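Throw the hints in and build the complete structure from the sequences for me.
The primary structure of each chain is shown beneath.
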Amino acid sequence: MTAVAKSSGCSVEDERTRRMRAESPWRIALRILVRNRVAMSGLAILVIMSLLAVLAPAIAPYDPDAVDILHQLEAPSQAHILGTDLYGRDIFSRILYGGRITLVVGLIAVGIAASIGIVLGLIAGFYGGALDSIIMRLVDVLLAFPRILLALSIVGMLGPGLLNVMVAVGIAGITGYARLVRGSVLSAKENVYVEAARVVGCPDHIILRRHLLPNIIGPVIVLATLDVAAAILSASSLSFLGLGVQPPTAEWGAMLNEGRQYLRTAPWITLFPGLAIMISVLSINMLGDGLRDALDPRMKI
Amino acid sequence: MLRYIQRRLLIMIPVLWGVVTLVFFLMYMLPGDPAATILAQSGGKAEAIEKLREQLGLNDPLPVQYMRFLSNAVRGDFGNSIFLRQPVMQIIAENLPATIELAIGALVVALAIGFSMGILAALKCNTWVDRLCMLTAIAGVSMPNFWLALLIMYLISAINTYYGVLILPITGQGGIQHLIVPSIVLGFAVSGSLARLVRSSMLEVLRQEYITTARAKGLSRRVVILRHALRNALIPVVTMLGLQFGYLLGGTVIIETVFSRRGLGRTIVDAIVWKDLPVVQGAVFVTATTYMLVNLLVDISYAVIDPRIRYS
Amino acid sequence: MLRYRLMVGVVLVALVAGLLAGCAQPATPQVVTVKETVVVEKEVPVEKEVVKTVVVEKVVTPTPAPKGGELTYGLTLIVSDIDPHSGASSELGIFLTSVYDPLVWRDQEGNFHPGLAKKWEISEDGKVYTFYLRDDVKFHDGTPFNAQAVKFNFDRITNPNFKSNKAKYMMGPYDHTEVVDDYTVKVYFKEPYAPFLDSVSQVYLAIASPKALQEWGDEKYREHQVGTGPFMMSEYVAKDHIVLVKNPDYNWAPEFMMHQGPAYLDKITFRFYPDAATRAPALESGEVQIMGEIPPVDANRLMADPRFVIYPVDIPGQSLQFFINTSKPPTDDLRVRQALLYGLDREAIINGIFRALSPIAHGPLGRKTPGYTSQVEGMYPFDLEKAKQLLADAGWKDTNGDGILDKGGQDLALNTILMTWGYLPEIGTAMQGLYRQLGVKLETQVLTYPAALEAASKNEHHLIPMAISSSDPDILSSYFHSRNIEKGFAWSRYSDPELDQWLDEGARTMDWEKRAELYAKAQVRIMEQALIIPIRDYVNLNGASAKVKGLRYSLQGWFPWLYDVYIEQ
Chain B
1 MTAVAKSSGC
11 SVEDERTRRM
21 RAESPWRIAL
31 RILVRNRVAM
41 SGLAILVIMS
51 LLAVLAPAIA
61 PYDPDAVDIL
71 HQLEAPSQAH
81 ILGTDLYGRD
91 IFSRILYGGR
101 ITLVVGLIAV
111 GIAASIGIVL
121 GLIAGFYGGA
131 LDSIIMRLVD
141 VLLAFPRILL
151 ALSIVGMLGP
161 GLLNVMVAVG
171 IAGITGYARL
181 VRGSVLSAKE
191 NVYVEAARVV
201 GCPDHIILRR
211 HLLPNIIGPV
221 IVLATLDVAA
231 AILSASSLSF
241 LGLGVQPPTA
251 EWGAMLNEGR
261 QYLRTAPWIT
271 LFPGLAIMIS
281 VLSINMLGDG
291 LRDALDPRMK
301 I
Chain F
1 MLRYIQRRLL
11 IMIPVLWGVV
21 TLVFFLMYML
31 PGDPAATILA
41 QSGGKAEAIE
51 KLREQLGLND
61 PLPVQYMRFL
71 SNAVRGDFGN
81 SIFLRQPVMQ
91 IIAENLPATI
101 ELAIGALVVA
111 LAIGFSMGIL
121 AALKCNTWVD
131 RLCMLTAIAG
141 VSMPNFWLAL
151 LIMYLISAIN
161 TYYGVLILPI
171 TGQGGIQHLI
181 VPSIVLGFAV
191 SGSLARLVRS
201 SMLEVLRQEY
211 ITTARAKGLS
221 RRVVILRHAL
231 RNALIPVVTM
241 LGLQFGYLLG
251 GTVIIETVFS
261 RRGLGRTIVD
271 AIVWKDLPVV
281 QGAVFVTATT
291 YMLVNLLVDI
301 SYAVIDPRIR
311 YS
Chain S
1 MLRYRLMVGV
11 VLVALVAGLL
21 AGCAQPATPQ
31 VVTVKETVVV
41 EKEVPVEKEV
51 VKTVVVEKVV
61 TPTPAPKGGE
71 LTYGLTLIVS
81 DIDPHSGASS
91 ELGIFLTSVY
101 DPLVWRDQEG
111 NFHPGLAKKW
121 EISEDGKVYT
131 FYLRDDVKFH
141 DGTPFNAQAV
151 KFNFDRITNP
161 NFKSNKAKYM
171 MGPYDHTEVV
181 DDYTVKVYFK
191 EPYAPFLDSV
201 SQVYLAIASP
211 KALQEWGDEK
221 YREHQVGTGP
231 FMMSEYVAKD
241 HIVLVKNPDY
251 NWAPEFMMHQ
261 GPAYLDKITF
271 RFYPDAATRA
281 PALESGEVQI
291 MGEIPPVDAN
301 RLMADPRFVI
311 YPVDIPGQSL
321 QFFINTSKPP
331 TDDLRVRQAL
341 LYGLDREAII
351 NGIFRALSPI
361 AHGPLGRKTP
371 GYTSQVEGMY
381 PFDLEKAKQL
391 LADAGWKDTN
401 GDGILDKGGQ
411 DLALNTILMT
421 WGYLPEIGTA
431 MQGLYRQLGV
441 KLETQVLTYP
451 AALEAASKNE
461 HHLIPMAISS
471 SDPDILSSYF
481 HSRNIEKGFA
491 WSRYSDPELD
501 QWLDEGARTM
511 DWEKRAELYA
521 KAQVRIMEQA
531 LIIPIRDYVN
541 LNGASAKVKG
551 LRYSLQGWFP
561 WLYDVYIEQ
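Chains as they are written, first to last, in this note's numbering: chain B, 1 to 301; chain F, 1 to 312; chain S, 1 to 569.
Among these hints, one or two may not hold up.
[Stated by the list, open to error] No farther apart than 27 Å at their CA atoms in a straight line, the calculated lysine-lysine pairs in the DSS-like style are these:
1. Lys521/S x Lys127/S
2. Lys407/S x Lys328/S
3. Lys51/F x Lys521/S
4. Lys51/F x Lys190/S
5. Lys51/F x Lys458/S
6. Lys127/S x Lys51/F
7. Lys163/S x Lys51/F
8. Lys407/S x Lys51/F
9. Lys487/S x Lys51/F
10. Lys487/S x Lys190/S
[Said to hold, decoys possible] These stretches of chain B come out as covered by chain F in the derived footprint (C-beta under 8 Å, 3 or more residues):
11. 50 to 57
12. 129 to 140
13. 145 to 151
14. 156 to 168
15. 237 to 249
I should point out that these hints are in silico values taken from the structure, not numbers from a laboratory. As the structure is a prediction and not an experimental result, all values here were calculated from the model. Virtual Cβ for every residue (Gly too), placed ideally from N, Cα, C.
Here it is as structure tokens:
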């Protein structure tokens, strides 16, 4: 009678799910995901936003960096559908171009965090002992800082700039992956097949790659997806604090920061970039939640 | 239990050593010369730079500076701020309460919104109420808090301009009134993740056999939810609160900047920007210690909430 | 041409206004409505002179009703160190000006007036200053003010163990202080030191109660400051607020104040608003009655609101300027530097970012700085064609058609360092856009203050901005004397023995006329050599509730004289 938890979280197990058990776990996951309307709408928004970003040069009505002081701080109108900023730059065009930066920052920062974090976690979990202690104490040190502060100090050290923001946000995110992977490896190691592989004399790297990695990849995918959202927020926070991308680069957080002083006179400068951040983060979160439900609803991420 | 706490406290020592060492070298590598910064600001003469460097002990070799710093830090003395001229510990003592006040305010907001939305959603599972709650929750998580802050500020000051009434003070310090808006902004994001967790955790518990048993025994729905379900749903929530406390501490950086509040978060940011090493050291040390202690408290509280958990 | 005529007209208006201000003091007050302030925003900025005068005149009105009230004043930077002898910020002077009296006062026109010193003498060689002190002044703690107190303070500032960020440097080549009798004191210098009278007029050389200094020690004194001024420090919570209360015994106001005896206000609270976006809302909501450094766009809006008055106050000292690095290509070429000056539409920047509330700067010093020369005006009018020609002469052409000039395969790209203060990111972004018309590319990076200084000392920059306030032209030598190139702030890295000599002589010369002449020559040379791109004269846009009366700012621009201020009921 103990029910297996479900994608929606509270529906009763039905005939179809029972049938799916015969299929490969990945295909089941995919099927559950496709049926999740929230996740699919998240994906749809994400695809649209990515398309807009990629096609920005074709869609944008203006050069995003073209200064036209005569038309500064103009309210949304036919000429500038989202208005203009202090320098008379078209906000719509800047948001389109800003999308490229935001998405790239999110992906690369997570790429950095995940690749380093996974390697550390695998080593710590698989080899244990002194190596494990050293790595985990290092992780503890990094964890003792609130994430944004860590990113802030790193950017302070490297100097502001797009690349440095990605590195800083990436490094600040390592701990999550290291801990997750280590935990998964520790429990996966207990499995009979790993034990068996060892007995047969399989080399470590094969065991790691063939037997352990596939087991932990699910949670990592979920964490990474949700982390893209967090990374976008962190990066835009840094830009908002003035430590992010350099002018005139159109980045949503930086645009918000630029518009802050003109909040009363020209609220559109802050309104739209903030909306853009929220929509993209929201869509990624929706997709990430769906992924988690599909892969393992009991995952604690 | 006591031995467990003792061990955890002992582990904190090397971690804290790691933290201060990391910060020391990170800060050392930050570009900038405090002596030149001080003098450039005052229009001072360049001849004075060397003398000031000497006075500030910046000309000593790095290992000497590090050992001096470490030996002082062990005694709880982080020296004097380069720019504020006050003892670092005094600066922290002046700023920490404001940050804790804000973090607690935000926590209260998060708990209030998070629990009510989470429980409501769980009880009305798969209805429009559930969906609305969850949409609000995910929106809360996805909304940049500085943006929310600006929107609220805009709203309040627009009302003030058109109707001549100030609903709530927006900036600065002061009684509980000044705390409301910043707490809502900071707490809202946490309330989102909290609501989601409370919901799923409640659902899981509600499916357990003892709930069915309790209901079968004829206990009212209300009693079952409050006495049995909520208590057991609390464990994962408490874990998350421990983690979220770090978010709150970090989030105060931005909230304190936007709302012109004093606090430890902004002290750290300012100190990083001005390369005021002693202040960064002291403030990060205190933040890290607080953070670790909170996590320890969280672990201890498991045992209180769930008697099945024992530490040895 | 039209621009030129307009400028002459404006200068005339300013002159007339200045004359009026000079002699209108006792005249019957003009009832001038706030509408006039509205006009100002559309006009060329110099005209706001009139506004300030108007405000002053209004106050002369004898108001029989009892004056008083409490005031909250919004400060902008969070003051780091508020001990006047050790701190360096301008912000500390905003509240400490009311706590201390200087030995010598300076009025808004720059004339010296008796303060704690009734009169003073300067020796022929400029090495000895003698001050004859008032004998009726008491510190807030009841101890008498006398020659020993002056000596105690100067000794404190110059003590090598005392960390002073500004006051020590204002003491110049100080040697020692001699107490002649209870109310006569002589200050000796190793070399002639002309700026000293200006130094003692500033709050950084404030005379504090020796008893309090001894009682609290260097670490604690800042929280318990005791002066002789019209207000007493009663509460200080770091980074949060400072409270001053009226000194009921005050009876030694300088002659140019509008009344004598104790101040009107009973209590003043200073609060911090470091985030510019929060300042106008705080003023509008009534959280504060006076607010410093209102963002220009908000100031513009508030000017149209009869509930508020905007006080634009010139800050003397450096204009906001970008130093052009003369030590590396392409800016080692004078023609390129001149092209940068001719080719920048500074009026667009002033109008766009500062809402025409700051005047365009013409030279290294702002127009209100003592020693400023008008010879620098009109040296570099905006002339895109001329700029293009200069660059073409220097061999820069756009050979690859990307819109950026190049020479020998190198783009005309300038590494431009920006910082987060003073609207520099905004200015930088605007300059970037404007210079594109010229085919010049600015590669901007916003750095923290310390990192920017480091980059400049490593000679990484082509352009780097600075603006330090000062009421003495000696500030020029910190930024242009060649001895400050390697370890200092002479970021143009320009070495000219003649310029060095003028600057050195300027610091030694006692005769003000001769000093002014030397500094005028220096300013003209700096501009001839195009060592800087001056952007705007620094103007602090203070906003106040229209109920606040009697508000004036000192020559230094940052510091309000709150002694005469009262709240109209």
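Against the structure, the hints come out as follows:
no.: 1; hint: Lys521/S x Lys127/S; in the structure: 25 Å, holds
no.: 2; hint: Lys407/S x Lys328/S; in the structure: 15 Å, holds
no.: 3; hint: Lys51/F x Lys521/S; in the structure: 32 Å, violated
no.: 4; hint: Lys51/F x Lys190/S; in the structure: 19 Å, holds
no.: 5; hint: Lys51/F x Lys458/S; in the structure: 20 Å, holds
no.: 6; hint: Lys127/S x Lys51/F; in the structure: 25 Å, holds
no.: 7; hint: Lys163/S x Lys51/F; in the structure: 11 Å, holds
no.: 8; hint: Lys407/S x Lys51/F; in the structure: 44 Å, violated
no.: 9; hint: Lys487/S x Lys51/F; in the structure: 12 Å, holds
no.: 10; hint: Lys487/S x Lys190/S; in the structure: 24 Å, holds
no.: 11; hint: 50 to 57; in the structure: violated (count 0)
no.: 12; hint: 129 to 140; in the structure: holds (count 3)
no.: 13; hint: 145 to 151; in the structure: holds (count 5)
no.: 14; hint: 156 to 168; in the structure: holds (count 3)
no.: 15; hint: 237 to 249; in the structure: holds (count 3)
Checked against the numbered hints given earlier, this structure breaks hints 3, 8 and 11; the rest are met.
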